[in-house]
Amino acid sequence: MTWEIVIGLEVHTQLSTNTKIFSGASTAYGAESNTQADAVSIALPGVLPVLNKGAVERAIKFGLAVGAHIAPRSVFARKNYFYPDLPKGYQISQFDLPVVGPGALTILVEPLSGNAKPYEKVVRITRAHLEEDAGKSVHGDSQGVTGVDLNRAGTPLLEIVSEPDMCSASEAVAYAKALHSLVRWIGICDGNMQEGSFRCDVNVSVRRPGEPLGTRREIKNLNSFKFMQQAIDYEVQWQIDTIENGGKIHQATVLFNPDTGETRAMRSKEDAHDYRYFPDPDLLPLDISEKWKEQIRATLPELPQAKRGRYIGEFALNEYDANILTSSREMADFFDAAVDCLPSQPKLIANWIMGEISALLARDKLEIGNCPVSAVWLAGLLTRVSDNTINVKTAKEILDGAWGRNQLFAKLIQAQASIDAEIESKGLKQVSDSGAIEKIVDEIIAANADKVAEYRSGKDKLFGFFVGLAMKASKGKANPAQLNDILKKKLAG
Amino acid sequence: MTLTNADVQKVARLARLAMDEAEIESARSQLTGIFNLIAEMQAVDTKGIAPMSHAQDLSQRLREDVVTETNQRELFQSIAPQVEAGLYLVPQVIE
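Chains as they are written, first to last, in my numbering: chain A, 1 to 493; chain B, 1 to 95.
Some hints could be false.
[Stated by the list, open to error] Result set (BS3-like, lysine-lysine): computed pairs, CA atoms no more than 30 Å apart in a straight line: (1) K248/A with K291/A; (2) K136/A with K47/B; (3) K307/A with K248/A; (4) K365/A with K439/A; (5) K10/B with K88/A; (6) K347/A with K488/A; (7) K10/B with K220/A; (8) K490/A with K47/B; (9) K291/A with K393/A; (10) K47/B with K248/A; (11) K136/A with K117/A; (12) K472/A with K429/A; (13) K117/A with K488/A; (14) K461/A with K426/A; (15) K177/A with K117/A; (16) K477/A with K489/A; (17) K47/B with K79/A; (18) K177/A with K347/A.
Calculated from the structure, these hints are not laboratory results.
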């Protein structure tokens, strides 16, 4: 019997503002406890919230990026619950009139199973609303008491809610990754998952094909894509086993334990969902004019999907290359900057970024954002490859050497001068003088009469052996294409 | 709508209010009065009228995203019942 998996996500993204959503206290991460908890954050009586324009702008930006309806008028509501890290006794959130309405995000799913092909899928976004974060409870330092740090209280969050459109852990992870990439791409969230800037709640249920939706359980607060995958896999199997063994699924909030790989229901709070929302009388409705919306639209960068399409259409890159190059804003920026300097060679640049550069970054556990050679420098290097001044082997050696010396040139003319000087001083120019190459080949043929005989009697594989010898004799500088031609001709006798 | 004492008890618990029998009884009667008023208002025909979320027909003023608050932890914590290492201390809560 088969089962269908139904998954929806709620993602809390911390907006990258300088200050809190309702007060001018700093949101910088890592400050000493409560030093950024101002009178509004700790909810002293009589204080009033004043909405942060920067938080609203980021919410609008997100809405525009997913093609969503931006509410011309939205409303803040109080979500009431009792917990010490929420000193007001309510969280200011949005309920029936959120700032961002229905939209959609196209994701690229890479199935886990071996030979299945990646495919595109559109995930509908239900809504996204602004709200404030709560503080942090610190358990266990002293007996019988809990410590409360309210630095995080009031930090602006955009909660992005999807429709239950995903039907596997791979799809859920692909959606979360696409969202993570997008919020960083448009610069509204730093995406730092360790610091809790991007937290996912995953709603999972299972059903028989054709039957109504099953009861869902919500896996709370996943802050890594790996854990998300594991948590969903475990939860799905648990639900299927439970039903197949005659049990019933009860709606619950569960936590994932990375040490055991299991999900477990939190102690059920019978009143957990009785939040008694009502419009916050301290806040007036938020008006967003068409003009403001359009001003923000004008600041949006080219979005990943559009860029992907352009790379394929304009630069004739294949889909795989285009996907990798648009996997993050930093990657795309690096590629774009290099192509700006060397517009005739997008494919060569793409190959080098995904090949040599990525390999070196992986070796040194670096991200492209802090690559030790700049895109402009790479363009300068590849300029000399494409005009045949140096061969690929030499270019790789120059890159290896430059890697440890931080070649961060921002201007092509300077990068080019530095590379050209190195080529000149070390004598790295490719040998394209056919006379010189012929001389090398003649010497090799003369010194290896036995191998030449073997080759001529049909052992074609030896060709590589001769190429290796000739390259070595030229100190790696022979023009490979020319060398191949000359070798072939001379070996043929 | 008729409120029962159990309803009042539930709301009191959600709000962490300790109430004895007499208080619950008096709160029930006061709340019932409020609900009756709401019922009266709900009888009014509001077809075609956009709901308001605020009594004033104004829109929210926005604040520039600039830090204006300084660290006043010492002052704020001087009135807290219990603090330690910069943390406000509360009776233990276990999730």
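The hints, checked one at a time:
1. Taking the CA atoms of K248/A and K291/A, the gap is near 52 Å; set against the 30 Å cutoff, the hint is violated.
2. A C-alpha spacing of about 45 Å is found between K136/A and K47/B, which places the hinted pair above 30 Å, so the restraint is violated.
3. Between K307/A and K248/A, the direct Cα distance comes to roughly 47 Å. Violation of the 30 Å bound is thereby established for this hinted pair.
4. With a C-alpha separation of about 44 Å, the suggested pair K365/A and K439/A falls outside the 30 Å cut-off, and the hint is violated.
5. Under the criterion of a C-alpha separation no larger than 30 Å, the hint pairing K10/B with K88/A is consistent with the structure, at around 20 Å.
6. For the suggested pair K347/A and K488/A, the alpha carbons sit about 29 Å apart, so the restraint of at most 30 Å is met.
7. Straight-line distance between C-alpha atoms of K10/B and K220/A comes to about 26 Å, which keeps the hinted pair within the 30 Å bound.
8. A hinted pair counts as satisfied when its Cα atoms are at most 30 Å apart, and K490/A with K47/B does not qualify at roughly 95 Å.
9. For the hint linking K291/A to K393/A, the alpha-carbon distance of about 55 Å lies beyond 30 Å, and the restraint is violated.
10. Distance check on the hinted pair: K47/B and K248/A sit about 44 Å apart at the alpha-carbon level, beyond 30 Å; violated.
11. With a CA separation close to 43 Å, the supplied pair K136/A and K117/A exceeds the 30 Å bound.
12. Taking the CA atoms of K472/A and K429/A, the gap is near 15 Å; set against the 30 Å cutoff, the hint holds.
13. For the suggested pair K117/A and K488/A, the alpha carbons sit about 41 Å apart, so the restraint of at most 30 Å is broken.
14. Note on K461/A and K426/A: the hinted pairing is violated, with a Cα-Cα distance of about 33 Å set against a maximum of 30 Å.
15. The suggested pairing of K177/A with K117/A holds, with an alpha-carbon distance near 18 Å, which does not exceed 30 Å.
16. As the CA atoms of K477/A and K489/A are separated by approximately 20 Å, the hinted pair is consistent with the 30 Å bound.
17. About 28 Å separates the Cα atoms of K47/B and K79/A, which keeps this hinted pair within 30 Å; it holds.
18. Annotation: proposed proximity of K177/A to K347/A holds, straight-line Cα distance about 26 Å (limit 30 Å).
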